[in-house]
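K.L.:
Let chain A serve as the given structure and place chain B on it in line with the hints.
In order, the protein sequence lines correspond to chains A and B. First residue of the first sequence: 824, per the numbering used here; consecutive thereafter. First residue of the second sequence: 34, per the numbering used here; consecutive thereafter.
Honestly, the hints are just simulated from the structure, not real lab data. A hint or two may mislead.
[As the list claims (entries may be wrong)] Simulated pairs of lysine to aspartate or glutamate, EDC-like, Cα-Cα distance not exceeding 16 Å:
1) Lys-919(A) <-> Asp-641(B)
2) Lys-237(B) <-> Glu-196(B)
3) Lys-383(B) <-> Glu-969(A)
4) Lys-383(B) <-> Asp-972(A)
5) Lys-963(A) <-> Glu-451(B)
6) Lys-963(A) <-> Asp-348(B)
7) Lys-468(B) <-> Glu-451(B)
In this text the structure is predicted, and so the values were computed from the model without any measurement.
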Amino acid sequence: MSRTAPVSFLSLAFLLSACVTINVYFPAAAAEKAADRIIEDVWKQPGAKPAGAATPMPQSSLGARAALALLDFLVPPAQAQQPNIEISSPEVQRVKAALEARYASLKSHLDSGAVGLTGDGYVALRDPSAVPLAQRNVVKALLADENSDRKALYHEIAVANGQPQWEGQIQSVFAQRWVAKAATGWWYQDAGGWKQK
Amino acid sequence: MKRFSAVVLALSLLLCPSVQGSDLALGIAAVESPAWRATGLRLVVQPGSQLRLDIDRIAIAGRPAIRNLRLHCPALVAGPTTRCDKASFAVWVPGWGSLQGQLSARYQSAEHWQAELRVPHRGLHLQLSQSGSALRAWLDLPGQSAAELQKLAAAFQLVIPGELSGKVDLHLDAELAEPLRIATTLVVHELNYEEPSGRYASEKLSAEAQLRFDAGDRRWQLALQTRGGQAYLEPLFFDFSALPLQADARLRQRDQAWLVEQLRLVPGSAGSIELSGSLGPDFKPLQLEARLHAQDLVPLVATYLQPLLIGTIGDGLTASGRGDASLSIRDGAPAELRAQLEGVSFTAEKLGLALEQISGDLAWSATEAVASTLHWAGGAVQKLPLAASVIRFRAQGKSFELLAPWRQPLLEGALRVETLALRELGSARFGADFKAAIEPINLAALCKALGWPEFGGRLGGQLPGLSVRDEVWTVDGALEAQAFDGRLRLDNLRAIQPFGVLPRVTADVELRDIDLERLTGAFSFGRITGRLDGEVKGLRLLNWSPVAFDARLYSTPGDRSRRRISQRAIDNISSIGGGPTGLLSRGALSLFEDFAYAQLGISCVLRDGVCQMDGIAPAKSKDGQQAYYLVQGRWLPRIDVVGYSQRVSWNQVIEQLKALQASSGPQLK
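Excised from the complex, chain A in its bound form (with noise of 0.2 Å):
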């Protein structure tokens, strides 16, 4: 009970500074869901479920989902529509298809562990060792292209939204969602350095 307090006060304020303010907050789930069915695509891993829990949303923005929620009982919603992340793009579509095409190639490097995914939603090399002598550079230039395709899937993603700023953002769940739907035995990087699945 004490605990609704401090957030029927948050809606309140909400609801007050709403009148003037339109809070277009990140959609985090959404976002996950939109990474998810790309990262699937892309890996092509169908029938896939999402691994792991969700994750927790950041109290401020559950805080405005529930202010969000109250405002919509209170006031006939305008926009009232379940926040989405919109992937049909043609660009965002040419880009996952690009992804698609390359995961062939990409793909015998991941799971040799040549290649290693890393914390920021891209992919790099990781053990060059692994890569014969005369492959090195054909694998650095399919890292680089996978990296500028990467970059331009979650630009246009948030340029698909109309919201351009969110795409480090989206970048970000990327990186967590790739490494997610990781297979088995591939690398990825986190704050401790490369770890193995």
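P.N.:
Chain B in isolation, oriented as in the chain A frame:
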């Protein structure tokens, strides 16, 4: 310890009187010099001039280097020259383990002595000869395992990180005097190396290197000849089996800098690279003259240039042909570049640019205005084929300017660039003057090259300006075409991130007074007569395919020409609108070949792969479905085509249009 003692006989020096027979033994606890220290020495002189020397440990530079040295000379010949010809020794060396070998030595004085040492099972042969103040060392060490040499080197604090395997022949000839002179020959056979970071590696590398160093004038001389195998020096990958490398270098160390008297690289028969000048202490070029003679650009570009372009827009570059080039670097910055090209062809995959048979002179200078002239036999930009052309320009510092109008023929017409001047290239203050015209090109050929439906006619126009901002290239002016007896106009041409991952082109298109009879004839759509207007606003092309637009096509208002539509055209329009086909070919209506119409039209708002369709006017809704007229009939028998589909997949529309073109004609039953 006593840091400054030269050779100190320390601690205990004791002569042992209690020797058996007539042996004479001398024990010394330690002998020390700044560079080395021997401990536990024991010298025994036996009857018959036999001599034994045991040393427990010798440390070099504070590190244990040699242990358990046991030396035995069976006959020491005394005289003006003391000598021992057949001494044997055993010693334990870290990294190598125990060694047994022979030693012979002659000693006249501290200024005059020789020693020769052999370790047969290691193949080691060492000769030392002191003459005056000069000590000459000659070492031959063939067929050594690289991994064991690495261990040996590590024991002497010369750590080579990573994994090594293969064989090494080492030959050293050194004059250990003032000034120091060393000549070494190093031959490696099938050397495999992997440096831990992965930046340097070799596989089955075979090569011979000769290095000379003269401390007098601090001159280094290096000669290298590869004999096969591969090497990776990030980002360069060398396959020496395919392209051997011969390198010669003469360098002098002067103060903190390096003077490059000559550096010459000869990669196979592909050409040569020569460098001279000076390098800073970090090997950064300060003053440098480089000359390239390329006999065959294919392997040179693949080995020495393409790897440097990975991750840039230039990645995927291939080139062929011959050429000479020179580059001057002054005060650490490029000052001048000149190149003569002979039949050079290149393809820059990511840029979508290819030119064939380029010849001419290319020049750039940081300060001077130098002219370049290049001509080529053909090429392609994206999917558009280019014909032969010549360009004259001036490249100076960060600016570029055409010296004469440049006419690039393409598609039976040409792009004629009157003015092209670029300033502050690659900086935030980048600016461009651009004025060009398109001399009417074959529209059908353009459409074909881009994989579009082939719209006949010729396209031309004036492009009076170009501006670049935030990776968006905006072309001023409009392009116009006379097509199907009407007019087509392209406006607001923009290229978005033309060199990025997602290059896009946007434009507005306007169609006026198009003769439908000719248009439908060209696309075998089914005959329609009359005139058509239309607008395609906000057309966005991704990979030359439309991904967004607001399009509207409609009968030209006020047009008084005969408006008839054939059965087949009605069928086709009906099928695009998602309706049934073949209705008219049955029953009484099949007697009529075509029908009069009042007006026709269609609109489509394409977003995210879905076309929001509409017609020319709303029709009566059926079962709650909104309806619109695609064709409004006139007179009798009156035929109206009414569409109900609101949202149609764009891919489906394309498939249907393709199917229409592929089909042979109406099927009358």
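K.L.:
Look at each hint and say if it fits the structure.
P.N.:
The hints, checked one at a time:
1. Under the criterion of a C-alpha separation no larger than 16 Å, the hint pairing Lys-919(A) with Asp-641(B) is consistent with the structure, at around 14 Å.
2. Taking the CA atoms of Lys-237(B) and Glu-196(B), the gap is near 13 Å; set against the 16 Å cutoff, the hint holds.
3. A hinted pair counts as satisfied when its Cα atoms are at most 16 Å apart, and Lys-383(B) with Glu-969(A) qualifies at roughly 14 Å.
4. Distance restraint check for Lys-383(B) and Asp-972(A): the Cα-Cα separation of roughly 13 Å lies within the 16 Å cut-off, and the hinted pair is therefore satisfied.
5. Of the supplied pair hints, the one linking Lys-963(A) and Glu-451(B) is violated, its CA atoms being roughly 41 Å apart against a limit of 16 Å.
6. A threshold of 16 Å between alpha carbons decides the hint, and for Lys-963(A) with Asp-348(B) the separation of about 11 Å falls inside it, so the pair holds.
7. Using a Cα cut-off of 16 Å, the hinted pair Lys-468(B) and Glu-451(B) holds, with the two alpha carbons roughly 5 Å apart.
When held up to the earlier numbered hints, the structure conflicts with hint 5 and nothing else.
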